[in-house]
Amino acid sequence: MKSRIISALIAGALCVVIPASTAAAQRSDSSRYDGQALRYESSWGSAKIIRGADGPLVGTAGWFRGIDVEKVVAGSPAARAEARAYKSNSFRASVVETLGATTTVVGVVLAANGSNNAATPILIIGGVGAMVWGAQQFHTAFSALSRSLWWYNRDVVRASLSPPPAPVAVPTRESEQAKRN
Amino acid sequence: MRRLSIALCAAQFLLLGATTMIAQDSSYDENALRIESRLGDLQIVRGTSSTVVARAGIFRGPRVANLVSSSEHALAEARVFERNYNPGTYMVAAGIALLGAAIGAGRIPDLNNGIPSGLLASSVLLIGFGGSKLESAYRGLSKAIWWYNRDLRR
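Top line first, the protein sequences correspond to chains R and L. Going by this note's numbering, the first sequence opens with residue 1, and the numbers climb by one from there. Going by this note's numbering, the second sequence opens with residue 1001, and the numbers climb by one from there.
Hint data in this document are derived by calculation from the structure and do not stem from the laboratory. For clarity, every value in this text was computed on a predicted model and none was experimentally measured. Where a beta carbon is used, it is the ideal one built from N, C-alpha and C, also for glycine. Treat each hint with caution, since some may be false.
Covered stretches of chain R (in silico footprint by chain L; criterion: 3 or more residues with CB under 8 Å from a CB of chain L, positions within the stretch not fixed) [said to hold, decoys possible]: (1) 42 to 48; (2) 99 to 105; (3) 131 to 145.
Cut-off 35 Å, straight-line C-alpha distance, at most; resulting in silico cross-link-like pairs (DSBU-like, lysine-lysine) [as the list claims (entries may be wrong)]: (4) K71/R - K48/R; (5) K1133/L - K71/R; (6) K87/R - K71/R; (7) K87/R - K1133/L; (8) K48/R - K1133/L; (9) K87/R - K48/R.
Which residues of chain L face chain R? A few of them, derived with a C-beta cut under 7 Å, are [what the hints assert, rightly or not]: (10) R1034; (11) I1035; (12) E1036; (13) S1037; (14) G1040; (15) R1063; (16) Y1090; (17) Y1138; (18) R1139; (19) S1142; (20) K1143; (21) W1146.
This is chain R alone, in the form it adopts within the complex:
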């Protein structure tokens, strides 16, 4: 009789504890996502990396400038790989876009000065072609950036679901001295 009462009490307590702990886990999960998850906003050809919905600006990337995205997403291996792809594509795009724009401007200036040699249309067509290819490389780079942040946020979710790491004892001067004694 007594054991049945105890069993019923345990079962009842678990019914209360399980939903409460799940709700608490979801709350901490959301607050971790709110505080750490990243997103990017494109802004006139560059990308602003922002933490949270309206959070602080982590950095701006694009057109020969940029924060080290690999460093920002260092905690996630998959995100790091995409960040590397972003970096190489973005640099290539910046170089090709600059060369293309310069070539086009030179071609247009030569054409405007009435120099009717064969090089002028070649310069303009080549320059515009390079700019189009460069823009394509920028699109590839930003897709890699988007994937990188997606993987990073996914690992933020995973980390918030797993139990916190066990505390590690940090050696202090007193403990070191006690060990030596």
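Assemble the complex: chain R is given as a structure, and chain L must be docked to it using the hints.
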């Protein structure tokens, strides 16, 4: 008997916890959205399988509000995107067309100088204003997807 029931309850507790974790985890992997761009085409992609769930056509933005309707915050931001994307695209397109017209008008001899200047000024205004509308649209899209992914686990 008592020990058995305690063991069963503990097992149920652990099992429930583990199932919740796996379910939340796989929910992000399968359903979280992101933006990608292929050949200049804006696409919204879902999960690790990279399934394209929406794409922008010429002068028509992706239907984001339908996609993210499960999250209240995301829906509000998706509406910001939908309100700004189409007008922004039209304005930038009209501005580029006017720029072409201004260049063409500038080459016509004996034409009033005010016409190419006016066309140029209008095109700059349209491109600038349309561009800022597109900026607002992309900001809304970025936030909509962030909120949607955040609320996936609820």
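Now the hints, each set against the structure:
Evaluation of the coverage hint for the stretch 42 to 48 of chain R: fulfilled, as 3 residues show C-beta separations to chain L shorter than 8 Å, against a requirement of three. Coverage of the stretch 99 to 105 of chain R by chain L is violated [criterion: at least 3 residues with CB-CB distance below 8 Å; count 0]. Judged by the Cβ-Cβ criterion of 8 Å, the stretch 131 to 145 of chain R is covered by chain L as claimed, because 6 of its residues qualify and three suffice. This hinted pair checks out: K71/R and K48/R have alpha carbons roughly 15 Å apart, not beyond 35 Å.
Straight-line distance between C-alpha atoms of K1133/L and K71/R comes to about 32 Å, which keeps the hinted pair within the 35 Å bound. Taken as a hint, the K87/R and K71/R pair is honoured in the structure, with Cα atoms around 12 Å apart against an allowance of 35 Å. For the given pair, K87/R sits about 28 Å from K1133/L by alpha-carbon distance, which is consistent with the 35 Å threshold. With a C-alpha separation of about 17 Å, the suggested pairing of K48/R with K1133/L holds against the 35 Å cut-off.
Simply put, K87/R and K48/R have alpha-carbon atoms about 15 Å apart, close enough for the 35 Å limit, and the pair holds. For R1034/L, the interface hint holds, the least distance from its beta-carbon to any beta-carbon of chain R being 4 Å, beneath 7 Å. For I1035/L, the suggested interface contact is upheld, since its CB lies about 5 Å from the closest CB of chain R, less than 7 Å. Of the supplied interface hints, the one on E1036/L holds, with its beta-carbon coming within about 4 Å of a beta-carbon of chain R, less than 7 Å.
Because the closest C-beta pair between S1037/L and chain R is about 4 Å apart, less than 7 Å, the hint holds. Because the closest C-beta pair between G1040/L and chain R is about 6 Å apart, less than 7 Å, the hint holds. The beta carbon of R1063/L comes no nearer than 19 Å to any beta carbon in chain R, farther than 7 Å, and the hint placing it at the interface is violated. With 7 Å as the threshold, the beta carbon of Y1090/L stays out of range of chain R, its nearest partner Cβ sitting at about 19 Å, so the hint is violated.
With a cut of 7 Å, the hint placing Y1138/L at the interface with chain R holds, because the nearest CB-to-CB distance is about 5 Å. Because the closest C-beta pair between R1139/L and chain R is about 5 Å apart, less than 7 Å, the hint holds. Evaluation of the S1142/L hint against chain R yields a held restraint, the C-beta minimum of about 5 Å falling below 7 Å. About 6 Å separates the beta-carbon of K1143/L from the nearest beta-carbon of chain R, less than 7 Å, and the hint is met.
For W1146/L, the suggested interface contact is upheld, since its CB lies about 4 Å from the closest CB of chain R, less than 7 Å.
In summary, the numbered hints that this structure violates are 2, 15, 16.
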